[in-house]
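Number of protein chains: 2
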Amino acid sequence: MDVDIGNALASVASPGVSREALDRLDEQVADAHERIEQGMANADHGYEALNLPERTDPDAIRATVDPLTDAGALVTIGIGGSSLGAATIVDALSSDTETVFLDNVDPEWVTAHLDRLPLEDTAINVVSRSGTTAETLANFLVAREAFESAGVDWTERTIVTTGESGPLRDLADRHDLPSLKVPDGVPGRFSALSAVGMVAAAVCDHDLDALLEGAAAEAETLTGSLYECPAYAYGATTYALDARGAGMNAMVPYAESLETYSEWFAQLWAESLGKDDLGQTPLRALGVTDQHSQLQLYRAGPRDKVVTFVRPTETADRSIPETEVDDLAYLGDASLGDLLAAEFEATEASLAAAGRPNVRVEIDRVDEYELGGLLYGMEAACVLAGELYGVNTFEQPAVEWAKKATRGLLGGGEFAEADAVAEKTELRVEQ
Amino acid sequence: MDVDIGNALASVASPGVSREALDRLDEQVADAHERIEQGMANADHGYEALNLPERTDPDAIRATVDPLTDAGALVTIGIGGSSLGAATIVDALSSDTETVFLDNVDPEWVTAHLDRLPLEDTAINVVSRSGTTAETLANFLVAREAFESAGVDWTERTIVTTGESGPLRDLADRHDLPSLKVPDGVPGRFSALSAVGMVAAAVCDHDLDALLEGAAAEAETLTGSLYECPAYAYGATTYALDARGAGMNAMVPYAESLETYSEWFAQLWAESLGKDDLGQTPLRALGVTDQHSQLQLYRAGPRDKVVTFVRPTETADRSIPETEVDDLAYLGDASLGDLLAAEFEATEASLAAAGRPNVRVEIDRVDEYELGGLLYGMEAACVLAGELYGVNTFEQPAVEWAKKATRGLLGGGEFAEADAVAEKTELRVEQ
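Chains as they are written, first to last, in full-length UniProt numbering: chain D, 1 to 431; chain U, 1 to 431.
Some clues are possibly wrong.
What the hints assert, rightly or not - Okay, the calculated bits of chain D under chain U, using three or more residues with CB under 8 Å as the criterion:
id	region
1	298-311
2	318-332
Claimed, not checked - Below, computed lysine to any residue pairings styled on SDA-like, alpha-carbon distance capped at 25 Å:
id	chain 1	residue 1	chain 2	residue 2
3	U	Lys404	D	Gln28
4	D	Lys424	U	Lys404
5	U	Lys403	D	Asp327
Note that these hints are calculated values from the structure, not bench results. Think of the CB as a built atom: it goes at the ideal place given N, C-alpha and C, for glycine as much as any other residue.
Take these sequences, add in the hints, and give me the full structure.
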């Protein structure tokens, strides 16, 4: 990926970063890069994620999923980091295999999917490192039952990706299911480029090698200066803008196929950096659609956000037919691609003209190679930002409270958190 | 809808609102309500939206769409307020009619939809007040051509919703197309309960009367006190929290069917209140999914947001099969609905325990009546918040710059904004 931070400079925007501040920040980047390199060399928890381009074995993934590559539909059962990486890849690329992600426990929605899918032609991709994630295991138990009711042997149609031990590993062993291992030292939100994210891509026949090669090429750019490394330029600039008041980061791809990528980024950014009362809040938006929804706020609301555009420079195109209406004649000389490109440039410039900071991230096109680079680049940007904030990028302790309370409420043990739920303060205004 | 602001009180959360502050705010609410009532009585621009439950004629909508109710698929071509209300309604409710919203000009994505749909069985619902919206007209021209290429007479399959004059009105007249009028005085983002939002619902055979009745019942609650009106309780509380540092409002429905509702809310909130350097930034999230993505940030990041839960109290359910795994046995005593409910309560309590403000909005279930109430209630909340901020709730001037620049870039006239695009400040870091 290429990154252009020109519209984040203090000469353009407020908040903005001066050239001098960037130069000072670059010294911190050099130190942070040393820690990151060391962490990678030691395969330390989290930093190991940045080694995935060379650690992931695409042949092993392909061989494991091989019996199921003829499936017409693939249901991935996972949540958070066990779902979003895979969803990002398959939603970005096109395939004849229908992909469904059961990443919620809404009963009506789960039932609608299971009722609709041709189960005899559907494969299951169940993903949970611990093998005990409540939502994932509940959905898997429900899906298994649906397959059985339909007279389909789920043990013939299930791929498991999980840790070295736990209920899912036991199950895979017991039924001799094709299975892969969640890599050690890699938090879920950083695992798109491992089996966690790539099983679905393999079933859909996407090019795993190109995904990893694109990521590896991005890894090559990691150096001690933000001026030489796109990922670090992005991580350092967004960090500096947050410190200057841009507490939000709106991720705005100009491609429908990258809508899920924004969800993936939102988890990466929120869960990695949102701690110790710090962290930038990710916003998800989409060009051009959200020009008619969020642009008013981005351009004229509080000066509390940076907008990140992600733009593939090459796309397929389609011409707009001529029209006899004078007021619309200009459209007939253009294509949808021209319109998309003009709207992108216009929106970017409209923010700059209003002094609102924005960053442009460019990829050549939406394919496996470029996507691998984008995912890796954003992960590296996030790791760098975590170093600059001084937070523990790879943990998410704040989610434990609700997990314990949920378990307690369902009778899965005694937890003080569950008791606290009943003590809610109410001030109800009813219809 | 019912609203519980207990977890937004200063005794629970920081930022939070004290009882005394709420009492003082209630005097402003009384004044604002008088202005709103007056605006409604005068059918003033914008306020007229709150009269829609009695102004919209469901019979006229049903009669107009009648020739196309047998369509297997409906493509709505519109963007922003011309799309999100309709999408919210049809995505919340189930129907045998497939619905597609062409609300972007991504060439590959538009082509994929048009290639995939059975055009001889597909109806078009084109929506633009001015009849000149670039994205909508470009997509309509492209769709017309696709129908022609497929040998399908688009004039037999198109419904138009537009203003009293303009290119789309002329076209509807020329081809004698079934058409409806965008109501006067109602900005797009407030038009879900007019023909703009309800044509798609009518084609899908949803109960328009119930939608309007639910909205009318909510309208009955508008009184001069936040303690008596759920909509005002919501609008006043979120305003007060913003003033105390919660510059973001995360909308988190605990129902997959309400995911699009969050997009609708995000436009309503952003475009109405995001001006004069003011306004709360809407975040879109989804329970339980985003507990594994955004909850870490919401609970442990900066104290700069309020979380709004929307919860249907009745849902369909599905039991979770028993499992022999000890660690998961508690799931086998529960249903997916139990799990969803426990996760909702646990997440709400986990934020309260961390002193993070949150508000609970309850509806009885996701059906036409309750949805009408929710949409109307949030519109009224937004209008009240606009009064409290003192902004012009019903305009969106900041989007004009980019529209002019786009037009200029495409050769549709001379615009200084287009020239400014070329002057971009660059600081590129390339791979």
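Comparing the hints with the structure gives:
Chain U is given as covering the region 298-311 of chain D, and this holds because 8 residues of the stretch bring a CB closer than 8 Å to a CB of that chain, at least three being needed. Counting residues of the region 318-332 of chain D whose C-beta lies closer than 8 Å to any C-beta of chain U gives 11; at least three are required, and the coverage claim holds. Pair hint Lys404 (chain U) plus Gln28 (chain D) does not hold up; C-alpha atoms about 42 Å apart against a cutoff of 25 Å. Between the alpha carbons of Lys424 (chain D) and Lys404 (chain U) the distance comes to roughly 51 Å, so the proposed pair goes past 25 Å and is violated.
For the hint linking Lys403 (chain U) to Asp327 (chain D), the alpha-carbon distance of about 14 Å falls within 25 Å, and the restraint holds.
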